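K.L.:
Here is how the chains run, residue by residue.
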Amino acid sequence: MVPISAYLILAAVLFVIGTVGVLICRNIIVMLMSVELMLNAANLALITFSRALNIMDGHVFVFLVLTVAAAEAAVGLAIVIMIFRNRETVNIDRFNLMKW
Amino acid sequence: MNLDTIIFFISAIVAVFGATMMITQRNPVASVLYLIVSLVAQAVLYVQLNSVFMAAVLLIVYAGAILVLFLFVIMLLNLRGREDLTDHSLSMSRFTKYLVSTLLFIEMLFVVRSGFFADAGVTGVIATQPTGFGSVEEIATLLFTRYLYPFELTSVLIVAAIVGAVVIAKRDRGYGKPVATSKQEEPSRRQSTK
Amino acid sequence: MSEYSQYLFLVPLFPLIGFVINGLLLGRLPRWLISFVGCVSVGLSFMLSIMLFFDLKGLPPEARLITQTLFTWIPSGSLHVNISYLLDPLSAVMILVVSGVSFLIHVYSVGYMHHDPGYGRYFAFLNLFVFAMLTLVLADNFLFMFVGWEGVGLCSYLLIGFWFEKKSASDAGKKAFIVNRIGDFGFLIGMFIVFWQIGSLDFHVVMDNASTVFVTGGTLITAVCILLFVGAIGKSAQIPLYVWLPDAMEGPTPVSALIHAATMVTAGVYMIVRTNFLYVMAPNALLLVAIVGAATAIYSATIGLAQNDIKRVLAYSTVSQLGYMFLACGVTAFTAGIFHLMTHAFFKALLFLGAGSVIHAMSNEQDMRKMGGLKKYLPVTYVTFIVATLAISGIPGFSGFFSKDEILWKSFSSQYGHPLLWVIGFVTAGLTAFYMFRVVYLTFHGQERMDDHTKAHLHEAPKSMTVPQVTLAALAVIGGWVGMPHVLGFTNYFERWMEPVVSHGVHTGESHAMAAAGGYAGAELGLMIASVVLVLAAIILSRRFYNTRPELATSLRERLSGLHRLLVNKYYVDEIYGATIVRPVIYFSLFLWKIMDVVVIDGLINGFASAYNDFSQFLRGIQTGRVRSYATLFVIGVVVVVAYFILE
Chain W
0 MVPISAYLIL AAVLFVIGTV GVLICRNIIV MLMSVELMLN AANLALITFS
50 RALNIMDGHV FVFLVLTVAA AEAAVGLAIV IMIFRNRETV NIDRFNLMKW
Chain Y
0 MNLDTIIFFI SAIVAVFGAT MMITQRNPVA SVLYLIVSLV AQAVLYVQLN
50 SVFMAAVLLI VYAGAILVLF LFVIMLLNLR GREDLTDHSL SMSRFTKYLV
100 STLLFIEMLF VVRSGFFADA GVTGVIATQP TGFGSVEEIA TLLFTRYLYP
150 FELTSVLIVA AIVGAVVIAK RDRGYGKPVA TSKQEEPSRR QSTK
Chain X
0 MSEYSQYLFL VPLFPLIGFV INGLLLGRLP RWLISFVGCV SVGLSFMLSI
50 MLFFDLKGLP PEARLITQTL FTWIPSGSLH VNISYLLDPL SAVMILVVSG
100 VSFLIHVYSV GYMHHDPGYG RYFAFLNLFV FAMLTLVLAD NFLFMFVGWE
150 GVGLCSYLLI GFWFEKKSAS DAGKKAFIVN RIGDFGFLIG MFIVFWQIGS
200 LDFHVVMDNA STVFVTGGTL ITAVCILLFV GAIGKSAQIP LYVWLPDAME
250 GPTPVSALIH AATMVTAGVY MIVRTNFLYV MAPNALLLVA IVGAATAIYS
300 ATIGLAQNDI KRVLAYSTVS QLGYMFLACG VTAFTAGIFH LMTHAFFKAL
350 LFLGAGSVIH AMSNEQDMRK MGGLKKYLPV TYVTFIVATL AISGIPGFSG
400 FFSKDEILWK SFSSQYGHPL LWVIGFVTAG LTAFYMFRVV YLTFHGQERM
450 DDHTKAHLHE APKSMTVPQV TLAALAVIGG WVGMPHVLGF TNYFERWMEP
500 VVSHGVHTGE SHAMAAAGGY AGAELGLMIA SVVLVLAAII LSRRFYNTRP
550 ELATSLRERL SGLHRLLVNK YYVDEIYGAT IVRPVIYFSL FLWKIMDVVV
600 IDGLINGFAS AYNDFSQFLR GIQTGRVRSY ATLFVIGVVV VVAYFILE
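Protein sequence lines correspond, in order, to chains W, Y and X. If you use numbering that gives the first Met the number 0, the first sequence corresponds to residues 0 to 99, in order. If you use numbering that gives the first Met the number 0, the second sequence corresponds to residues 0 to 193, in order. If you use numbering that gives the first Met the number 0, the third sequence corresponds to residues 0 to 647, in order.
Some clues are possibly wrong.
Take a look, some chain X residues computed to stay more than 10 Å from chain Y by CB distance [stated by the list, open to error]:
1. D170
2. G217
3. K454
4. V476
5. W480
6. Q622
Derived Cβ-Cβ restraints for the label pairs, each shown as a range [as the list claims (entries may be wrong)]:
7. Y97(Y) - V598(X): 17 to 27 Å
8. R93(Y) - L591(X): 49 to 59 Å
9. G620(X) - E87(W): 37 to 47 Å
10. Y148(Y) - E87(W): 21 to 31 Å
Bear in mind the hints are in silico, worked out from the structure with no lab data behind them. The structure displayed is predicted, hence computed values, not measured ones. Beta carbons: idealized from backbone N, C-alpha and C, even for Gly.
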């Protein structure tokens, strides 16, 4: 008998871990993966709500979110490849044309 | 302490563990693998919530396609993870980041605990499942009736993403530097001979 | 209505036009034209003044008043000030004296300043001065008079510092202006109080309303009179603001003659006489005026005893004689004060012009110890100088005798007077005779102490310089004959002429009438004889010390060397002022500059600017181009928004 709030708290934890990953990782690839993690946490929350309310709309949301995540990952990685061609590095701190 | 609870806890711990390890790895390939671990745990959780189809979709699409794409890119760029790109410094900005993240988490706890969802009966224990919940028929029905437009739009979105990805990553012959692969293969080959 | 009354405004205007012409076309005009413009403008004023005087004389005594309003100057709410002129017996006397003596001095300057490169500038300033002085005496309200007051102060500064390349000259000019300014501050406050209480600054309005608005003998009227007197102290060089006048001798000698003998320094006396209707309501103020006048008279006479520069002696003598004039005003003998002003203008200007001739002949040497025996080289100068000295000493028959005697008598007999005041005046008369004849003996008699080079250049002054001297000498003799006392059986025309102006509850008229009826007559004659005897004794003593037995002077000087040094150094007053007043002010100014201005104010402004700068540097950190910083800000934003919704 697991309470719904447990799932929600878990989703929150995963979301925050994803945020931390975005903020502290210098590797773009890992940053993108952290973003995916955050999206996943949202998915978990949606599924939980869907189950709690006994409606299927949540599942459809997750479906769509998944699609968007896929598209975004594809385009994002394409951009990473292109930048990598110029900079020879995936260190996000180097992707800076500004003087400082 | 019944089986449900145990399964939940184990899956939860594994999920969190995978996520944490993901962000602290040097080698990006290891990060990907840990993420997959986390996703598998989450799939288990989905199953526990009677969303069998979604669990399967998660594993097939997410873990099986998107993360594999990540792996492809890592290997394309030949990232060995030699430098530690995680920010381990003890600077003020790092502290701010942790602080902010903690705040975010606390806010979310607030929201969960606030009883905001009380009237939906969500904070309670999961009730018995209705029949056919989480099955493909249900999802399909919704997808092709109520959510038809979004569904069609997602196909447009995917096409746009494909075209975009191809265009962006295309190698221009004669402009700029050549693709990194040809250059990077040399040193790797040399290394392998060593 | 008189014929020339509508031309009243021309009297100050002629010199103004002269100033404009000479001032604008300074270097371009030939010498003769500059002198022509300068002298003729003042000459025209003088002729017009004479005609106006006769106009005024043709009117009956009660109605001797001509006014002319040119236009409204300040129509601001309750303050209504016109540019308007007032001609009454007092101002008629003043414009005659001012324009007449100025004219003679202008002519003299043609010769004296002949070699000076700043010729045009000199005449321009001199004309401007005459304009300002005439404005001062013709003004019909306080504010317009103040304009003239400030104007003469300005011209005094310009002319004292005429040879501004010499540091001592420019310092003297500054000193004059600054000390004057201190007095002007008192004048202004007095004016403010008058306006505050009465609501107008016109002399006639104030005169009509003063007795109803102010309480006789009360604090306000006393304050007003004292404050106005402070202005007079500054302008007319009384204690404690006299220190600028001796330094003002740095200017050209005709300037000293005109400004610091005959006209500007008399402005204070004129002002008190003009406002006598206020002073008679404040006996305490009158007492102060008399005391300051008497004290100044004797004090500066003592300093004059020991000075060696011929112009310095004359300067201190001026201060002393001005003291007499204020003494007269303080005992409500206003007519006597103006009378002495007139005669003093004649003989003091003449003394200065004579000194100028001597200096001119001695190739700019001013130290009397290097002169001597000049009477055979400069005969005209010698004779006129003697005439003036006799006048200033108060020898009967000369103008100075009549005016000074009037003052001494009034200081004794007036109900505002006091025998002690008479004693001070009496002693000062003796001192005056003594040191003036000392000058005569040291300069014109005795051994010739100058070096041979200077002696070879000794020559009498040109006609342009001697003719004015002779004219003034004549005036110094006959000028007093209009004011000869009753007690000797003469009619005092001057007193009758001035009566409409000064008859506001003043009681001198009464005591004079009592004198005519006997009783006081004996006292007056007795005092007169006493002062003549004293003066003659002083002259004989002076002759002994400086002419026949000069070694007496030397031995006296050695025996009283401490006292002598005190007098020569003018009681160290300048040094005392420097230490107690000037130095603290300078330190305070330095403090204000270095600390208030540089540190506090600049620091504040610069601080604002640099704070702003620092803040924008800080804000600049937001746009680093580093993605992770952006992400952090993102998350911070989310936290804030969610917190807002949670807390709602």
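K.L.:
Each hint should be assessed against the structure and marked as holding or not.
P.N.:
Hints, one by one, checked against the model:
1. Distance to chain Y confirms D170(X) as a non-interface residue, since its nearest Cβ pair spans about 64 Å, more than 10 Å.
2. Non-interface call for G217(X) relative to chain Y: holds, since the shortest CB-CB distance, roughly 76 Å, exceeds 10 Å.
3. With a least beta-carbon separation of about 94 Å from chain Y, K454(X) lies farther than 10 Å from that chain, consistent with its non-interface assignment.
4. Residue-level check passed: V476(X) sits 100 Å from the nearest beta carbon of chain Y, beyond 10 Å.
5. The Cβ of W480(X) sits about 102 Å from the closest Cβ of chain Y, beyond the 10 Å cut-off, so the non-interface label holds.
6. No Cβ of chain Y approaches the Cβ of Q622(X) within 10 Å, the least distance being about 15 Å, so the stated non-interface status holds.
7. The hint said 17 to 27 Å for the Cβ distance between Y97(Y) and V598(X), and at roughly 44 Å that hint is violated.
8. Against the hinted window of 49 to 59 Å, the Cβ-Cβ separation of R93(Y) and L591(X) comes to about 51 Å, which satisfies the hint.
9. At roughly 28 Å, the beta-carbon separation of G620(X) and E87(W) lies outside the given 37 to 47 Å, and the hint is violated.
10. For the hinted restraint 21 to 31 Å between Y148(Y) and E87(W), the CB-CB distance of approximately 44 Å leaves it violated.
Taken one by one, the earlier hints fail for this structure at numbers 7, 9, 10, listed in ascending order.
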